[in-house]
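Enquirer: Chain residues, written in single-letter form:
Number of protein chains: 2
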Amino acid sequence: MLKDCKHVFKLDPAKEISDADLAAICESETDAIIIGGTDNITEDNVLNLMARVRRFSVSVALEITSTEAVVPGFDHYFIPAVFNTTDMKWQHGLMLEALAEYGHLLDYDEVSLLPYIIMNPECKAFRKAEGKVVAPEMVPHYINMMDKLYQTPYIYIEYSGTYGSPEVMQMVRENASHSHVIYGGGITSKEEAREMAQYSDTIVVGNIIYDSSKKALRTIIK
Amino acid sequence: MLKDCKHVFKLDPAKEISDADLAAICESETDAIIIGGTDNITEDNVLNLMARVRRFSVSVALEITSTEAVVPGFDHYFIPAVFNTTDMKWQHGLMLEALAEYGHLLDYDEVSLLPYIIMNPECKAFRKAEGKVVAPEMVPHYINMMDKLYQTPYIYIEYSGTYGSPEVMQMVRENASHSHVIYGGGITSKEEAREMAQYSDTIVVGNIIYDSSKKALRTIIK
Chain A
260 MLKDCKHVFK
270 LDPAKEISDA
280 DLAAICESET
290 DAIIIGGTDN
300 ITEDNVLNLM
310 ARVRRFSVSV
320 ALEITSTEAV
330 VPGFDHYFIP
340 AVFNTTDMKW
350 QHGLMLEALA
360 EYGHLLDYDE
370 VSLLPYIIMN
380 PECKAFRKAE
390 GKVVAPEMVP
400 HYINMMDKLY
410 QTPYIYIEYS
420 GTYGSPEVMQ
430 MVRENASHSH
440 VIYGGGITSK
450 EEAREMAQYS
460 DTIVVGNIIY
470 DSSKKALRTI
480 IK
Chain B
260 MLKDCKHVFK
270 LDPAKEISDA
280 DLAAICESET
290 DAIIIGGTDN
300 ITEDNVLNLM
310 ARVRRFSVSV
320 ALEITSTEAV
330 VPGFDHYFIP
340 AVFNTTDMKW
350 QHGLMLEALA
360 EYGHLLDYDE
370 VSLLPYIIMN
380 PECKAFRKAE
390 GKVVAPEMVP
400 HYINMMDKLY
410 QTPYIYIEYS
420 GTYGSPEVMQ
430 MVRENASHSH
440 VIYGGGITSK
450 EEAREMAQYS
460 DTIVVGNIIY
470 DSSKKALRTI
480 IK
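Those protein sequences? They're chains A and B, same order as listed.
Counting from 260, one number per residue, gives the positions in the first sequence under my numbering.
Counting from 260, one number per residue, gives the positions in the second sequence under my numbering.
Think of the hints as simulated: they come from the structure by calculation, not from any bench.
You may find that some hints are simply not true.
One copy or any two copies: either way a pair holds, since identical chains are not told apart in the list.
Said to hold, decoys possible - The calculated lysine-lysine pairs, modelled on DSS-like cross-linking and capped at a C-alpha distance of 27 Å, are:
1) Lys407 <-> Lys265
2) Lys474 <-> Lys269
3) Lys265 <-> Lys473
4) Lys481 <-> Lys269
My request is simple: use the sequences and hints to build the entire structure.
Expert: Written as structure tokens, this is what we have:
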């Protein structure tokens with residue numbers, strides 16, 4: 260679903276957003292909305308946010324981070340796999356449990372693996388997923404492994420909450436020849452959006468929405 | 260490399276084989292030879308076996324199970340990833356260390372990921388790779404995950420040393436629509452080869468070579 264998306268907004272079901280801000284985000288020129296977050300994701304808040312976003316015509320996907328909050332009715336579903344975890348649970352242990360429970364309900368055409376490298380050791384996602392710190396010199400090896408050996412359709416470089424290193428992203432870009440590269444983390448302006456768009460196929464903009472929807476809208480570069 | 264291979268012989272560099280038996284194996288109608296094993300794999304015994312196999316025209320690949328025994332000159336290289344391990348080391352931790360050391364020497368066109376499910380908890384490979392037992396009811400979930408989410412080019416169902424369950428292999432066959440399925444373990448006769456070839460794209464024949472090369476040759480079905 261992200262193959263044709265240059266820009267995506269990520270909305271967190273656990274965070275408050277006004278109807279006016281949500282309308283501005285959903286009626287913008289963004290290519291898609293992903294609903295997902297790290298903490299306090301419930302069936303209730305996912306359903307609620309989906310219903311509010313569904314009033315608009317923008318495509319909306321769910322990133323499944325809790326098996327308690329799998330809700331039908333999205334255009335697409337993403338299942339994360341953290342390639343720099345130290346615990347198989349976050350690579351695909353939980354995924355297998357989810358497939359055992361919900362697999363019979365899935366239309367796999369609407370589901371994609373979302374292979375992550377979480378670069379920022381300070382963020383919640385890194386701690387939750389028991390991440391292993393990825394030193395800059397290891398970045399090309401992770402990318403070559405995912406791009407050429409696993410041949411994953413996507414590679415998601417997640418700086419979650421902090422703006423990433425252009426040097427690291429340049430290494431990602433130079434080594435990824437097959438996988439569609441997604442960048443997320445700390446984009447708050449058109450300049451930052453432009454910079455990270457040089458090194459990735461899709462940029463994801465999240466937190467700034469909750470600080471200033473106006474600033475968030477300026478990250479949409481086409 | 261295995262996409263067009265119906266039958267492969269796997270030779271263990273740590274095991275003895277006579278020149279006559281090796282010639283019979285290499286001059287047979289098999290599609291390829293894979294050199295690989297679990298214990299006591301050294302640069303010396305890999306080099307030695309490669310040199311002996313290279314006298315024949317059959318294609319020969321190395322399965323890299325020890326970074327101490329990576330030898331140039333093979334037609335192809337396979338790097339295992341054990342999807343039912345309990346330790347990230349055997350999923351791709353060691354792979355990343357190997358890429359950090361040898362990555363700059365690799366031509367990725369000649370290297371493939373070999374994604375394993377090790378089904379036999381009694382075998383050496385299962386214990387070495389700290390395997391998690393895969394109950395039959397979990398098999399479709401592993402296959403769907405690998406085939407449709409990871410979209411791995413190969414899925415290797417490894418019974419190593421024991422003949423596998425046709426019921427399990429039938430589930431593998433029914434759920435794998437994208438990945439090329441490889442079966443290995445305990446094939447000692449034409450009948451067993453035929454049975455497992457129904458459920459897989461490639462069958463791998465190993466141990467029986469060392470018991471009786473004559474019996475091994477009878478597993479080549481075309």
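Enquirer: Hint numbers the structure violates, sorted upward?
Expert: none
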